[in-house]
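J.: Next come the chains, spelled out residue by residue.
Number of protein chains: 2
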Amino acid sequence: MLSKTSIPKYEKIMRYIKEKISNGEWPIGSKIPSQRQLAKEFNVNRSTVITALEELIADGLLEAQTGVGTIVTNNTWNLLSSSLNWNTHVEAGMLKQSRSTVQEINNSESQQQFIQLSKGELSSDMFPLQKMKDIINKVSNHITPFGYEEPRGYLPLRKAVSAYLHKMNVNVSPSSILIVSGALQALQLVSIGLLQKGSTILLEKPSYLYSLRIFQSAGINLTGMPLAHEGLLAQHLEHVKKKRKEAVLYTNPCFHNPTGTLMSEKRRKSIIETCTKHQIPIIEDDIYRELWFEKAPPLPLKSLDQTGHVLYVGSLSKTLTPGLRIGWIAAPEPVINRLADIKMQIDYGSSSLSQRVAAEWFQSGLYVEHVKKVRENLLERKNVALKLIKQHLEGLATWEEPQGGFFIWIHLLSPISMKSLYARARTQGIILNPGHIYHEQSSRYIRLSYAYASMQDLEIGIRKLGLLIRSLS
Amino acid sequence: MLSKTSIPKYEKIMRYIKEKISNGEWPIGSKIPSQRQLAKEFNVNRSTVITALEELIADGLLEAQTGVGTIVTNNTWNLLSSSLNWNTHVEAGMLKQSRSTVQEINNSESQQQFIQLSKGELSSDMFPLQKMKDIINKVSNHITPFGYEEPRGYLPLRKAVSAYLHKMNVNVSPSSILIVSGALQALQLVSIGLLQKGSTILLEKPSYLYSLRIFQSAGINLTGMPLAHEGLLAQHLEHVKKKRKEAVLYTNPCFHNPTGTLMSEKRRKSIIETCTKHQIPIIEDDIYRELWFEKAPPLPLKSLDQTGHVLYVGSLSKTLTPGLRIGWIAAPEPVINRLADIKMQIDYGSSSLSQRVAAEWFQSGLYVEHVKKVRENLLERKNVALKLIKQHLEGLATWEEPQGGFFIWIHLLSPISMKSLYARARTQGIILNPGHIYHEQSSRYIRLSYAYASMQDLEIGIRKLGLLIRSLS
Ligand SMILES: Cc1ncc(COP(=O)(O)O)c(C=O)c1O
Ligand SMILES: Cc1ncc(COP(=O)(O)O)c(C=O)c1O
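These protein sequence lines map, in sequence, to chains A and B. First residue of the first sequence: 1, per the UniProt record's numbering; consecutive thereafter. First residue of the second sequence: 1, per the UniProt record's numbering; consecutive thereafter.
No lab work stands behind these hints: they were computed from the structure. Keep in mind the model is a prediction, meaning the values are calculated, not measured. There could be a bad hint or two in this list.
Which copy is meant is left open, so a pair is good if it fits within one copy or across any two.
Said to hold, decoys possible - Calculated lysine to any residue pairs in the SDA-like style (CA-CA distance at most 25 angstroms, straight line): (1) LYS9 <-> LYS31; (2) LYS159 <-> SER303; (3) LYS12 <-> ASN169; (4) LYS12 <-> PRO174; (5) LYS18 <-> PRO174; (6) LYS12 <-> ALA163; (7) LYS31 <-> GLN279; (8) LYS159 <-> ASN107; (9) LYS277 <-> GLU19; (10) LYS131 <-> PHE146; (11) LYS138 <-> ASP125; (12) LYS242 <-> GLU273; (13) LYS241 <-> GLY219; (14) LYS138 <-> PHE127.
With the rest of the complex left out, here is chain A:
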């Protein structure tokens, strides 16, 4: 876009903006990037940007609106034609916008310059590059023409997932499995396929689900229940269920996002009993299960389920890579058929290539091998992070030692403005995940991920975090 001739710099900026406007990318009514951003992008002083904008304002193309920014008010070619205001549509639609913090975090997570203490993703050190290459090459060498898959997904992958689930006592055949594009899509399918407007999801408080808008947008109530040391308590469930008849339980029993909690075997049994007794279907989101440190977690709720109450969700995102976008749902066949039909209605199935590569990871046995390594690496990172936290946050916060997963849930002892903490950390190049994303009552918490940042970044990030908290207390 940026030509490299000798035209003045402000002129280059003007041309760039004009092109954006004239080709309809920045329609009338849209806000253009800030002066700061433009200055950075063109590597010029802010005064150069101001010169360019003033010219365009004089041309009648832009307008400066106080408190809003610079807005497109017209376009060169078509000064007379009326122009569409997409803005009304951008604000319409059933699905609400993500919280602005969430949007900002989503955008920042792909920017290399930040120290990511927020990211729920394995560090690229743990990416099994050579094995991935070998597997992709193998898949490619054996590949036959592929097209739309059958509604439930690629059969060899469903078979592999079925075999894999058997090992954790979840006995479902391939016909009771649906392949999805990650666990998030599983939740999306449930929200539009199985839950009615006005129904209730019972869930841990805080919970990953609170960070999503899909359920609220579908008119579903989220009713949080206290999350105790060893996971949800059945008696809370019983209590809440009395008031809500159309209720479904969503739980993340292994190394819970964001708190890291592991549900004990005893709790699991009583949850299953209570849910069976009160006819409460369960969505078990078990995507962190394999990431244990000392000892494997108790078997899934689904393995205790003899009446088809549990819809079990898994994914390769946290153990291998989220880039394949492969997850699965295991549930009673009528439920799977319904969800498969919905998946056909929204995207005609997941990538055939990803499905083949995922199947090969399982079939080759390399998946199990890889996950073992990830566990070891994560354990080391957890130990480093805990040491640093102890060193820099003692007296400022409390936390619990996680037994697996990605996260330490840090409770700040004095009430400081999280907004300021988040913003200042960002200015210093650190991305944090403030607790209120996961529940409004968690505003004194930070979710710290030790899975992604380099050891060096963990060190810098946690040290700076300590200083920041101190300066704000």
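Following the hints, put chain B with the ligands in place on chain A, whose structure we already have.
T.: Frame of chain A; chain B with the ligands shown alone:
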């Protein structure tokens, strides 16, 4: 599942059913497969199946309900416990079930034994197997660790799509492009992200959109407009718009699904003018554009759009393979940002692997080369299909010669029961796409695809179709 020991056959069937019930795959209230299906699956006489079912009925596990079939009424382990009835949930949910014909077609399309005159997909002859292997290997050899992508999608792919769109005079930069998992997902994102309950989509009648439930489920009205020889007429638009204020136009101007119609240049200009004048946003679904026979279609509506009215949708599904699940949206930046946020809410982006492979198809120049071959092959198929149709359907139906795309829209001259035609064809191993899926007024039409079936199957299928129509007239 089926053990190969010497236990009696009916016993095997019983064990199989018990296992399905006990592991919760077939929960209480669900219907088990028909006697015919079970007999086929176990390769036994129907009487053997009946023996097994009678035993299970006596055990209190199953119940035969007249007019419904055999229903699970209990399960072995847990005769006392109450059991969850997922059925209420299966019928709940915002998104309606697909029509049963659509579900049946979706399921049949992955079954090899049928002659598929329905399938909107390229035959596997046209799958560029060697090139695909080469590209996957190349991607694999250069791959670096991949994870969640940035919200709009993998930048090199967006750049490649931007360059590709420039060639058709659609001048959008990578920041105005969103990568999606196929064109269907583009429509899904629009339905939940940009359109409000109660708003209206103006569209061709018939239209692909009528075959989807996503818009109706979101409470959006579909208002069909007559589809003339050269595409939509602007005056119809003007007329309808008066009555509907929140209206958006959805159009499929190149080799329209299901009719094959190509919108002329003149019509395009007047559509753009009218939509600009009346502030009607346009969703241009252009996924068949490249599949022309004699001459390339007029430039996209989007290329005529100077005010950001057009949201342009493309995909690799019809030209390369739907298995990659890669498509794109080009639209004004605020619209793209909104849709990217929604995509992050529903599936965190498309497969990184598919995105890399798609980017390589473009960058290597192999895509353009491949599409050229597809065009030649499709032209040949179209000629064969037309010859056969002429031979077997003359006097029974009328049709127009398509100028590109996959479909011939066959109008039956006498009113026969399409339900019977569809069912009898199916019994004879032929899957047809009845017109009413695309609009209720199209009940005297069949959409015949010449893209998928082998030449031999086209021959058999069309001949049998002729005989069937004759026998039903
Ligand atoms: C508890 C939980 N469920 C689901 C997801 C979504 O994962 P996926 O990448 O498989 O869609 C996440 C990711 O952050 C998560 O933490
Ligand atoms: C007009 C039209 N739009 C969209 C689609 C969906 O295609 P994709 O595989 O890219 O999601 C189809 C497929 O049948 C179609 O015919």
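J.: State for each hint whether it applies.
T.: Hint-by-hint comparison with the structure:
Proximity of LYS9 and LYS31 under a CA criterion of 25 angstroms is satisfied intra-copy only: 22 angstroms inside one chain copy versus 72 angstroms between copies. Within a single copy, LYS159 and SER303 get their C-alpha atoms as close as 18 angstroms, which meets the 25 angstroms cut-off; across copies the closest is 47 angstroms, which misses it. Taking the shortest Cα distances, LYS12 and ASN169 sit within 25 angstroms of each other only across copies (22 angstroms), while inside one copy they are farther apart (64 angstroms). In the homo-oligomer, the alpha carbons of LYS12 and PRO174 lie at most 25 angstroms apart only across protomers (19 angstroms), although the nearest pairing inside one protomer, at 59 angstroms, exceeds that limit.
In this homomeric assembly, LYS18 and PRO174 come within 25 angstroms of each other (Cα to Cα) only across copies, at 16 angstroms, whereas the closest approach inside a single copy is 55 angstroms. Taking CA atoms no more than 25 angstroms apart as the test, LYS12 paired with ALA163 passes between copies only; the shortest distance there is 21 angstroms, against 60 angstroms inside one copy. In this assembly of identical chains, the alpha carbons of LYS31 and GLN279 lie at most 25 angstroms apart only when taken from different copies (20 angstroms versus 51 angstroms within one copy). Taking identical chains as interchangeable, the C-alpha atoms of LYS159 and ASN107 lie at most 25 angstroms apart only when they sit on different chains, with a minimum of 18 angstroms there against 36 angstroms within one chain.
In this assembly of identical chains, the alpha carbons of LYS277 and GLU19 lie at most 25 angstroms apart only when taken from different copies (22 angstroms versus 64 angstroms within one copy). Taking the closest pair of Cα atoms, LYS131 and PHE146 come within 25 angstroms of each other both inside a single copy (23 angstroms) and across two copies (13 angstroms). Taking identical chains as interchangeable, the C-alpha atoms of LYS138 and ASP125 lie at most 25 angstroms apart whether they share a chain (23 angstroms) or sit on different chains (22 angstroms). Taking the closest pair of Cα atoms, LYS242 and GLU273 come within 25 angstroms of each other only inside a single copy of the chain (16 angstroms); across copies the shortest separation is 59 angstroms, beyond that limit.
For a Cα distance limit of 25 angstroms, the shortest separation of LYS241 from GLY219 inside one copy, 18 angstroms, qualifies, whereas the shortest one across copies, 31 angstroms, does not. Taking identical chains as interchangeable, the C-alpha atoms of LYS138 and PHE127 lie at most 25 angstroms apart whether they share a chain (18 angstroms) or sit on different chains (19 angstroms).
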